[in-house]
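Chemist: Listed below are the residues making up each chain.
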Amino acid sequence: MRTSGTKRVLFAGVAIASLLAACGSDDTSGGGSGACTTKGDAIKLAANPWTGSAVNAAVAKRVIECNLGTPVEIVEIDENATWVGMDDGSIDAVLEIWPSGHAADKATYIEEKKSVVDLGLLGPSAKIGWYVPKFVVDEHPELATFEGFKDPELAKLFATAESGDLGQFTMGDPSYVTYDEQIIANLELPLKYVVAGSEAALLTSIDKAFADKTPILLQFWQPHWKQSKVELVEVKLPEVTQACTDSAASADGGYACDYPVDELYKAASAGLETKNAAAFALLSKLQLTTDQQNEVAAMVDGEGKTADEAAAAWADANKDVWSAWLG
Amino acid sequence: MSAVSVESLPELESAEVVAQRRRKRSIALGAFVVLATLALVMSHEVPSWLDLNIQTKAQQAYKWTIIHRQSAPIFTHFFQPLTDFLQWLYDMGMHVLEFLRWPGVVAMAGAIGWRTGGVRAGIGAAAAMLGVGMVADWNLAMITLDIMLVSVLIALVLGIPLGIWTARSDRAERVIRVLLDTAQVMPIFVYFSPVQVFFGIKVPPAIIVTVIYALPPAVRLTNHGLRNVPVVLNEVGESFGANARQQLFKVQLPVARRAILLGLNQVIMMAFGVVVLASLLGTGDLGQVVLNGLQKQKVGDAAAAGLGIVLLAISLDRMSTGERSHKFSRLGAAMPAVPRRVANGVAVVAVVLAVVVGQALNATAFPAWLTVDVASPIDSFVTWVQDTFRHQTQATSDFLVTYIIEPIENLLQWLPWFVVVVAVSFIGFVSKGWRLATGVGLCLFLIAALGTIPGGDGRVLLWDLAMATLSQVLVAIVLSVVIALPLGMISGRSDRFERFLRPFLDIAQVLPAFVYLIPVVFLFGVGRSAGVVACVIYAVPPCIRLTSLGMREVPHAPREAATSFGATGQQEMRMVQLPLARKSILLGINQTLMMVLATVIIAALVGAGGLGLVAYEATAKPNIKLGQGVAGGLAIVLLAIMLDRVTQAWGTSKQGGNQ
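Chains as they are written, first to last, in my numbering: chain A, 1 to 327; chain B, 1001 to 1659.
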């Protein structure tokens, strides 16, 4: 009884308050420094949870807003959810897809359902590989190549409670592509494959290894912000061969070589071209080199700027680069 | 009242019961010998004809949905309108929150807390809400708050009627209990991708995910409360000629009020447990800040946002404590009674005033001078803990893996699957009877029928992964109960201790696991023991809470009687209060079990592997591994149901009642 009475009175209060404040003005413009005026339907760009992805989106936002006058909304979202968003048009485009992890998405959404379109390469390439800390190679130069790991004594340097007598191989987030188990088995290395489960756990393992100077062998990749914070050395694996590529495609479990280079690409919702042809054209032409992307990323990771601020600063200084995207 | 307590006292064991138990024990012993022999001769493999092909079917269903999600009638006529409705609810909420501005929201929190729970609750609610703005981004917090409010509302609208229904029908209870167990234990990662194809991205799927997870306590505790209404009170109602409806609204619901309020509290806490995962869907709220902090290894940033989430939860909790704290509030008792009408008026005026001031000052952003930097002190604290303790914790972790988890896992995996099925069925039989034996046997049988997944240089039986997870779960449960029971008992007898413990429980339960993921890995290393630690942190609070509640629900009469017969405080607790609180304590242990199994997925994020990892892969690679994920999730649910039913049976059989 008492609560319902209370509620009634409270709601009445809210109603009165709303009458009193009916003249209150709404301010909606997000007036950041040097923001450009825009109107119309916002283009929604996905930013996946790593700096490179956020940087691409911020640069595209800056160029589109200031040159096409179309507002851009950045949606911070998981990689896989990005595909579903592009499928129904709630996300218009994503500018950095790592092909190795999304072959099945490409087959489903781009090739079969055709609800997502390929916008071409972004420019930078990426590479997954096996890494050890530099202090490990300094002490045991043999461990710079996979051959070194065939020696059970050397492999044992990487042993943990989890791996027992074998050396531990640490893999991070299971959503990333991995052939490590197959590589270990096919090259007959005395290693045990352990999934850390998340990138955060992987990064923390790296920190812990460096803090205690204990050896660690892990799957890691370039570009990654951590690469500039700690000295990791890539372990040489057998060259990529046609047999390996075929084995990866047929999933026969016979993969036994290095990871191929990933050419990052862009994709858009199929509806974007009709929704905003100019933005579609711009995003198709948008390209950044690895150096350019790193330059903006460094402002974010190193100088603590927001992605928007960094993109604005970069765009102001590199008109010649992005004006080519407009033509 | 005295009649009630006598009724619920444990019955004395009759000679017949004792004899029956002895007979059962000898059957069990004989069975054990047979099983041990079988174990040595039987092959380990699960035959392939047993595979139900659930993985392929789930994968095909997911693919079908992707292709048809814009065209099939079920989407255009059901899921799309539902999605739009959820978005509409959220938008309405956002209009209100934006209109209130931060002063209005803080005042509103205080007013609601004060009028429903007393002065202390009001101050707590307002202070916590203010704290949200101080430690975290206010505008992002409002997105989280909005999603939580809508989800909690939906969970209550669905949950309380379901709870009433299950309290009135045993059959409904049995069926719904399985569904609730599934909802609570099925890892979110399993239905994360399907929810996206059904409800799109951003807010609507986030609400759905939250409701699924937060609904069970609303149903369970309503049911628990109603079923514990003393029979006498029902009879009194009847004798006064109350019809069923009057009986429910005038007698049962008011008496069950405390349990229902605890249900509300748990709904809120559970809902907040999903915030970070939900932000993977693109909600762009406080959870996103936690994820970003994790990505950049900035524990302080993640913890600050996590603390914002905790304070938001505490604020809502204080708004929903109802009479619980009012009764015990000394401050409230000491104050002269203000007429209700006047107090309500004051509350409304305060809120209106805050809104007017907020509007006048155009307070769209939380003032910078009020914000506090908590990230840096947390960073230094975490670094200190890591540097000081990591060698000891790592040694403990290695011990746990090498000497406890690994041997149990090896034993469970070494046993032929069929032997485990039969053995657990036997435990079921001894605990309760044929029905339970069949049920738990079926659970394990189904796990065996889930097939294999690719792994390493061949295929791995899901059964083996289930045994790996089971070994970790058993260790985590034992550790949790050992920690939680004593704390729960103390807090059940001391108001001061309960108050002291409460913020820690809130934090442990609501602080997103993602925040402590990094320190846990740093302290315990990637692997199974880190996983066990993550489970324990999460499973301890509900066990403490329910133990404490059980102790407090014990009627005063029998306790006073014991004291008057000269029982010491300790005797009274051990011989009167504890036995009478057994039902609640068992519910607490049962919840611990569910929590541990629900956290198996988080454990997978720190390297525990097993079923949690398989389930996570449904989100990690939905286009290839959704089917596997579903199978892994089902296996977790089946394990949970099996453990749950067996432990519950122990609870009833101890009383000497055999069915």
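No lab work stands behind these hints, which were simulated from the structure alone. Remember, it's a predicted structure, so these values are computed and weren't measured experimentally. Treat the hints with care, as some may be off.
[Unchecked claim] As a list, the in silico DSSO-like pairs of lysine-lysine whose alpha-carbon atoms are at most 27 Å apart:
1. A:K226 x B:K1063
2. B:K1298 x A:K208
3. A:K106 x B:K1583
4. B:K1063 x A:K114
5. A:K127 x A:K213
6. A:K156 x A:K236
7. A:K156 x A:K208
8. A:K127 x B:K1298
9. A:K275 x A:K106
10. A:K208 x A:K134
11. B:K1063 x A:K305
12. A:K275 x A:K127
13. A:K213 x B:K1296
14. A:K134 x A:K106
15. A:K208 x B:K1063
16. B:K1298 x A:K106
Chemist: If a hint holds in the structure, say so; if it does not, say that too.
Modeler: Hint by hint, here is what the structure shows:
1. A:K226 x B:K1063: 36 Å, violated
2. B:K1298 x A:K208: Given that 27 Å is the threshold and the Cα spacing comes to 15 Å, the pair holds.
3. A:K106 x B:K1583: 54 Å, violated
4. B:K1063 x A:K114: Between B:K1063 and A:K114 the Cα gap is close to 14 Å, so the pair holds against 27 Å.
5. A:K127 x A:K213: Answer holds: A:K127 to A:K213 is near 26 Å, not above 27 Å.
6. A:K156 x A:K236: 19 Å, holds
7. A:K156 x A:K208: Given that 27 Å is the threshold and the Cα spacing comes to 18 Å, the pair holds.
8. A:K127 x B:K1298: With Cα atoms ~25 Å apart, A:K127 and B:K1298 stay inside 27 Å; holds.
9. A:K275 x A:K106: 22 Å, holds
10. A:K208 x A:K134: With a Cα-Cα distance of about 15 Å, the restraint between A:K208 and A:K134 holds, given a limit of 27 Å.
11. B:K1063 x A:K305: 41 Å, violated
12. A:K275 x A:K127: 35 Å, violated
13. A:K213 x B:K1296: This hinted pair holds, its Cα atoms lying about 22 Å apart.
14. A:K134 x A:K106: Violated - the C-alpha atoms of A:K106 and A:K134 are around 37 Å apart, more than 27 Å.
15. A:K208 x B:K1063: 41 Å, violated
16. B:K1298 x A:K106: 33 Å, violated
Consistency with the previously given hints fails for numbers 1, 3, 11, 12, 14, 15, 16, ordered from lowest to highest.
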